[in-house]
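There are 4 protein chains.
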Amino acid sequence: MSIRVGIVGVSGYGGGEVLRICAGHPSFDVAYVAGESSAGQKLGERFAGITPKLAEMKIQKWSPAALPKLDLVFVSLPTGQSRDAVAKVPAGVKIVDVGGDHRYVDGWVYGLADVWPEKIRAASRVANPGCYPAAALTAMAPLIAGGLVKVDGPIIIDALSGISGAGRGGGSPEAQLGFAEVNEDVSAYGLLKHPHVPEMAATVRELGGAGGGPSPRIVFTPHLIPMTRGILATCYLAGDADTKQCLSAARKFYAGRPFVRVVDQPPHSKWATGSNWAFISYAAGDGTIIALGAIDNLGKGAAGAAVQNANLMCGLEETAGLSGAALWP
Amino acid sequence: MSIRVGIVGVSGYGGGEVLRICAGHPSFDVAYVAGESSAGQKLGERFAGITPKLAEMKIQKWSPAALPKLDLVFVSLPTGQSRDAVAKVPAGVKIVDVGGDHRYVDGWVYGLADVWPEKIRAASRVANPGCYPAAALTAMAPLIAGGLVKVDGPIIIDALSGISGAGRGGGSPEAQLGFAEVNEDVSAYGLLKHPHVPEMAATVRELGGAGGGPSPRIVFTPHLIPMTRGILATCYLAGDADTKQCLSAARKFYAGRPFVRVVDQPPHSKWATGSNWAFISYAAGDGTIIALGAIDNLGKGAAGAAVQNANLMCGLEETAGLSGAALWP
Amino acid sequence: MSIRVGIVGVSGYGGGEVLRICAGHPSFDVAYVAGESSAGQKLGERFAGITPKLAEMKIQKWSPAALPKLDLVFVSLPTGQSRDAVAKVPAGVKIVDVGGDHRYVDGWVYGLADVWPEKIRAASRVANPGCYPAAALTAMAPLIAGGLVKVDGPIIIDALSGISGAGRGGGSPEAQLGFAEVNEDVSAYGLLKHPHVPEMAATVRELGGAGGGPSPRIVFTPHLIPMTRGILATCYLAGDADTKQCLSAARKFYAGRPFVRVVDQPPHSKWATGSNWAFISYAAGDGTIIALGAIDNLGKGAAGAAVQNANLMCGLEETAGLSGAALWP
Amino acid sequence: MSIRVGIVGVSGYGGGEVLRICAGHPSFDVAYVAGESSAGQKLGERFAGITPKLAEMKIQKWSPAALPKLDLVFVSLPTGQSRDAVAKVPAGVKIVDVGGDHRYVDGWVYGLADVWPEKIRAASRVANPGCYPAAALTAMAPLIAGGLVKVDGPIIIDALSGISGAGRGGGSPEAQLGFAEVNEDVSAYGLLKHPHVPEMAATVRELGGAGGGPSPRIVFTPHLIPMTRGILATCYLAGDADTKQCLSAARKFYAGRPFVRVVDQPPHSKWATGSNWAFISYAAGDGTIIALGAIDNLGKGAAGAAVQNANLMCGLEETAGLSGAALWP
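Residue numbers (numbering that gives the first Met the number 0), protein chains in the order written: chain A, 0 to 328; chain B, 0 to 328; chain C, 0 to 328; chain D, 0 to 328.
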């Protein structure tokens, strides 16, 4: 069965990774690619390492009104740029929004596929989790769903991302993402006001049960570290469970789920490079639980999760196109 | 058709990459993995990001006398450690030696698959080219075979490798390959006496025709640069062809060959990351021809080439398991 | 005035940085250098970029009984290796222990020079703070001393270090600190049991006043990130102060102190490279205060702080030898 | 004695490094700093790690007609932007042009200070060598001046530079110098037409003696490698000298010169980080001589050399402000 997919925003890092995965997908046929600055170029001019066949495909100017016949479209645009356009996509075309415009928006399912695959199977509009939430929520979900943590105090999420998470160009007017200045440097940013907080709070609340209690307080600090790919989220929660209980809860929660791997030691982001794996672990004691989640920000944090969602939406094997080992080293 | 393969030296970087590729290969069934220091461990303890099924496989102590039934074995051991052992492998088991012990050795075919696939199809013992020669020879072959260069003067090959090329542990008793010292550093090594020179000289001679003239003089300078994967070879040859003629000769020479991509601009090593691509280009003028070759040292420079050779030896599609796009960025 | 100093453990990263600073110090005369594995070599064989004069100095086998006449000795040895030996150093020789054996040990002053210089001026035995505590305590001290935080709940310190913090060799039997595996990777380690916790708890208690209440609970998570130098500590404390109040308290607390720079934006570790600066900042709201500290782990986190302590102990200008700008970029 | 210096183009990497060195210089008093995009800002807004005193200095709009009283001005502007403006600087103000506009231009001395200090002492207009030529010429000069090489065939210079060599912003309209794409990548650029070739050819000719023979043919290939600072030039020359003779010639040629260090092993670029050192070495055999030069591209390749030139022009000790050890690791 061949499913015709389109990729909008293909020349960005997220869209490019969707392209890479689709290039090796057994059922997806890339039938349309669109970009902004890259429109008119061939894919091979943007992605020298793409497969020779796709290298010849021309990048279109993105126009929702002029789509070819497609079964599903991946939209990977900067926040704020996809809402209007996406509304014009015909209802019969499934959409996975890799960007941030439709998370917890009416009519859209939040695409936390490892946690609630059944919701996604039934959906035709799915909003991918943000890259940081993907790492943090995957690690915290078993604790919250299992009632192992107290959500009256703050949940602290301290997260580290490779630079590709800031996007290609990143809206940077200057040298801020340039190698010479990013290399050998680390800093925090977006303190106490990062746009990923609401989706994390909403998900924590949803996982916490029907309670309807007050929204949990998320204190989220992202950092940029000098690597290209990878995210590690270190989450601090209040709770009396010990390390074993946390690991055990997570193994039970994710039993049979193909992409989440619960490990006994602190996970490395590199274990996930180029893959859709999420590695999670825990350490607990004295009333504090540390939940760790390590992913590839462009894999489970973006394109991998998007293809996983698309697989579910299309009734395919959830792991189709996503079964490869991570790159090492 | 399922072909049973073994991987010896699986815990090194070269062997690990063979494992990663085989994990996604449509016809290879990994039936045996062996290591030295890692014997007794499960693959998952060494390669956290390997596929779950392979993660449970146990690493054996390498013993050529006690092999299970295999169709082909990849041997990826440090130079000097494979000759005796490999001699004990039953004649019916095909061998690809990823290491350096059987290059231009009697009874073995030098596995320059992009140049002479037919030799490899007929062989049951194939020695992979070294990582540096893979980059340099792929770029120079069309010029030499086409008679575009004079080989009476020295051929200068200046090459840059990522650190994984030095191996895991690298025989380093100290901090020489440690991040803190390798990062933000570059140096040359092995000046005028690198072990990859003889195979390059022999190949240049073979490509140059039946002539039987004197062996060409190769001046080869490898450098370690601060990246994990990738090789770029910049080769300086004497010849009167211009850039266009060189590009044209290369496109003709590699016409129909699936992994060599001739490009108009200087190639980037990153274009090949995680793939079996070789990108080559040329610039020429005033009697000097610069030939450039960019590969992933663990892909076309080791494991990718090994699987390509194995595919040919087993009568499979040459690109089986090797058709994926490179990782980007 | 020339002060004769010795450096023990000179071939490690911390000792080497003490050497580098002393090479440019206006009053310190390096009169003795000792190492273990490097004994017998000249300094120039270990530090190619050292000044030509010092390059000729021979590294001695460390023997506290056979010291030349010295005014002060810097001891930079792995934890556990300095206690016995240091006890044999003559009482008239001042000691700065850059390593971890004498922190909060009887007869030794904890060398938090930016906070309590007067204690250090009076001391002849000073134990340098650990690299992580240097970053975290410098940022937290004004809040704790000023009564702006509640210490009944946990204080969470999430910190990121460059690889040189793990030492040269790092006791690593294998490739764990090798470039190929550390590059493009991040992970946490030492969860809930890092040896730097006690000195942080003791200092928080001391800064908190005469109270004598229960020891504060420190939850400390260090991470290794792929850079050579630099530490960023992100500390989460409970308190009702807002950002302005925190910044103001810090500016008052460190008024006139030469090395601590309170900044309005999240500090970058790179701002401190090669210097003794500590950059600190704050963000607060909804009952949580985030305190950020960025240093060079080998500067303010080790050798810079050691020389600052030595300056105070010797009655010199506190900034002697330490007044240079950071390296940029 | 206090010498009033100005720095034009202070917010670039080269100008910033001049600022850093001058901040610690015993005789230079920074009295004027000018920039383009940064005009109006304080130095501390651009260079967080600068010394507190200089942090308050305001960056001026560069205007040669409105200079304050200065003894010397460092001009560090992109190629093509300094010629007109510099012509308006009063004759009494000495100039060191760190940029590329006045190399081998009438009325200007080419500032190869390690080779011909006496020419520079007598000059009031000095053009700094380019960063690549600084590395290559320092290594090749003893061979050429000593008649050890034949210059009838091509001289091949293969050189590797850290990314800061491409400048801040680098004229890059896009992500080409962004961390995510530069990291884990290497490529050559400017093949057979780099603007540094003429100054290298002119210097080789000048060093070769009064001969007045034909200009030597320089084949120069620069590469960008993923590090912030550092250059390594690997030069291939024809000549019959052996390694010992080359090393000996270099030691004699640079006897007494304070910044050039002739070493027996291939030098590492990291040995020079943050310093004005140049490390050079040789390997020779079979008619080919390999000359290696390793420098910090912002030190000996730009700002260090500029200050060395300024010292000579002002009659100061040549090493003033430049005597520090390199940063390690």
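Keep in mind that the hints were calculated from the coordinates and are not lab data.
Bear in mind that the values here come from a model prediction, so they are computed numbers and not experimental data.
Please note: incorrect hints may appear among the correct ones.
Identical copies go unnamed one by one, so any copy, or any two together, can satisfy a pair.
[Unchecked claim] Straight-line C-alpha distance at most 20 Å; calculated SDA-like pairs for lysine to any residue: (1) K149 / S1; (2) K68 / S1; (3) K192 / Q264; (4) K243 / G146.
Here is what the structure says about each hint:
1. In this assembly of identical chains, K149 and S1 lie within 20 Å of each other by CA distance neither inside one copy nor across copies; the values are 47 Å within and 52 Å between.
2. Taking CA atoms no more than 20 Å apart as the test, K68 paired with S1 passes inside one copy only; the shortest distance there is 13 Å, against 38 Å between copies.
3. Taking the closest pair of Cα atoms, K192 and Q264 come within 20 Å of each other only across two copies (14 Å); inside a single copy the shortest separation is 31 Å, beyond that limit.
4. Taking the shortest Cα distances, K243 and G146 sit within 20 Å of each other inside one copy (15 Å), while across copies they are farther apart (37 Å).
Hint 1 from the list above is the single one not met by this structure.
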